[in-house]
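The whole structure should be built from the sequences, with the hints applied where relevant.
One-letter residues, chain by chain:
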Amino acid sequence: MTDKKKTTIVLFSGDYDKAMAAYIIANGAAAYDHEVTIFHTFWGLNALRKENQTPVKKGLMEKMFGKMMPRGTNQMGLSKMNYLGMGPKMIKKVMKKHNAMPLPQLVEMAQEQDINLIACTMTMDLLGLQKEELLDDIEYGGVAAYVGEAEEGNISLFI
Amino acid sequence: MTDKKKTTIVLFSGDYDKAMAAYIIANGAAAYDHEVTIFHTFWGLNALRKENQTPVKKGLMEKMFGKMMPRGTNQMGLSKMNYLGMGPKMIKKVMKKHNAMPLPQLVEMAQEQDINLIACTMTMDLLGLQKEELLDDIEYGGVAAYVGEAEEGNISLFI
Amino acid sequence: MTDKKKTTIVLFSGDYDKAMAAYIIANGAAAYDHEVTIFHTFWGLNALRKENQTPVKKGLMEKMFGKMMPRGTNQMGLSKMNYLGMGPKMIKKVMKKHNAMPLPQLVEMAQEQDINLIACTMTMDLLGLQKEELLDDIEYGGVAAYVGEAEEGNISLFI
Chain S
0 MTDKKKTTIV LFSGDYDKAM AAYIIANGAA AYDHEVTIFH TFWGLNALRK
50 ENQTPVKKGL MEKMFGKMMP RGTNQMGLSK MNYLGMGPKM IKKVMKKHNA
100 MPLPQLVEMA QEQDINLIAC TMTMDLLGLQ KEELLDDIEY GGVAAYVGEA
150 EEGNISLFI
Chain U
0 MTDKKKTTIV LFSGDYDKAM AAYIIANGAA AYDHEVTIFH TFWGLNALRK
50 ENQTPVKKGL MEKMFGKMMP RGTNQMGLSK MNYLGMGPKM IKKVMKKHNA
100 MPLPQLVEMA QEQDINLIAC TMTMDLLGLQ KEELLDDIEY GGVAAYVGEA
150 EEGNISLFI
Chain B
0 MTDKKKTTIV LFSGDYDKAM AAYIIANGAA AYDHEVTIFH TFWGLNALRK
50 ENQTPVKKGL MEKMFGKMMP RGTNQMGLSK MNYLGMGPKM IKKVMKKHNA
100 MPLPQLVEMA QEQDINLIAC TMTMDLLGLQ KEELLDDIEY GGVAAYVGEA
150 EEGNISLFI
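Chains as they are written, first to last, in numbering that gives the first Met the number 0: chain S, 0 to 158; chain U, 0 to 158; chain B, 0 to 158.
The set of hints was computed from the structure by calculation and includes no laboratory data.
It is possible that some hints are incorrect.
No copy is singled out in the list; a pair is fine if it fits within one copy or between any two copies.
[As the list claims (entries may be wrong)] Pairs of lysine to aspartate or glutamate residues, derived as EDC-like cross-links and limited to a Cα-Cα distance of at most 16 Å, are as follows:
no., residue 1, residue 2
1, LYS5, GLU150
2, LYS92, GLU61
3, LYS95, ASP124
4, LYS95, GLU61
5, LYS4, GLU151
6, LYS91, ASP124
7, LYS62, GLU111
8, LYS92, ASP124
This is the structure we're talking about:
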């Protein structure tokens, strides 16, 4: 156990705006020298999906989930005012105007800052996501891994 | 005050997937010997409703809320990809396939592990829910009970 | 650093019911002598908007966001069962019947209890909200301010 402060975030949501909030807080805490973990579960796993389709074998149900869910952060919708995809376009436009970092870069920055990105193996199973479809250099774990991290933490959030 | 670690979850959401996440984390933390409390408020109270209608006297507004809200975990919808109820069916099917525990059993398991299930009395009033309609062997409390638990805790989440 | 317990809430949501939960927990914690901070980001900023339109200069996109988002707590919708605005009316009616404090008063009470209301400057920029449009006597800050508060805290929530 280190003396570092710890921030542990459960990213459950697959919305662009919520994932953005999660990654901004995570990168901010890392900048203030926290040891940071983001545990991706359920729809939050989509933030870790590669943009291009990866050829893997799947059952019918898993194929359906795979098709219906966004492939990576860039395809995510908003939690509010999505308006069939117009909302995310507007947000991305104002983000560009104000020089705010878009979500795919926030994820990259998190990896550069050694933020611990964990994919929840139980929900990967449920949604039929396979390791080949997710970003490289991430970790895999279940609820035990999460509890182990979070119980020593200073900031713990469910997003 | 014990030396045990503590996890306190506010379950605000009435979605099947979010309630599942809450109960998986709660059961996981209990397995790692945490003292766990789930404080059910607003739509999260529906997780504690009995499946069968219980004859209680209600005003008109309370009756309407009662009818519109899911009666117990089995009737809950998904936060994403609900598709008029098809989503929950798909999720339950893949859960069965992967031997994941369905939500009603996760609640039972929580009770067996002595997880403290609290129903928020203030929001019960608002939504017109009465004790007879909720599961047996749960506790009742308000925001004071919640703050008292959470302030001593290691993990604190709002779901 | 004081010896007081600390509660720090990120209010991300712009829903009436979620903001109500945030402000009830915040006021409850303050009553139990916690030092409380609510950090308003994204749609949660709408809880701090003045009800009346304030004349400020804006770009087209910022004007659109301004028009589409609720102006203050009284215009917010519900996260569930909104039914084109009928839900909030029902909730407000039952709240009145049960003498529960409506959201605008919960915000006032928070200010009276010296709860630290912070508006996230980065998302104000994105959504085109200006200081003139928000309540008086609030503070402004970014993710650094949030991490600084939350890392010393006892209860930390994302709502």
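Results of checking the hints against the structure:
1. LYS5 with GLU150: both (10 Å within a copy, 8 Å between copies)
2. LYS92 with GLU61: Between. Shortest inter-copy distance 11 Å satisfies the 16 Å Cα cut-off; intra-copy 33 Å does not.
3. LYS95 with ASP124: between (36 Å within a copy, 11 Å between copies)
4. LYS95 with GLU61: between (35 Å within a copy, 13 Å between copies)
5. LYS4 with GLU151: Both, since 9 Å and 10 Å are each at most 16 Å.
6. LYS91 with ASP124: The answer is between: 13 Å across copies meets 16 Å, while 32 Å in one copy does not.
7. LYS62 with GLU111: neither (32 Å within a copy, 36 Å between copies)
8. LYS92 with ASP124: between (35 Å within a copy, 12 Å between copies)
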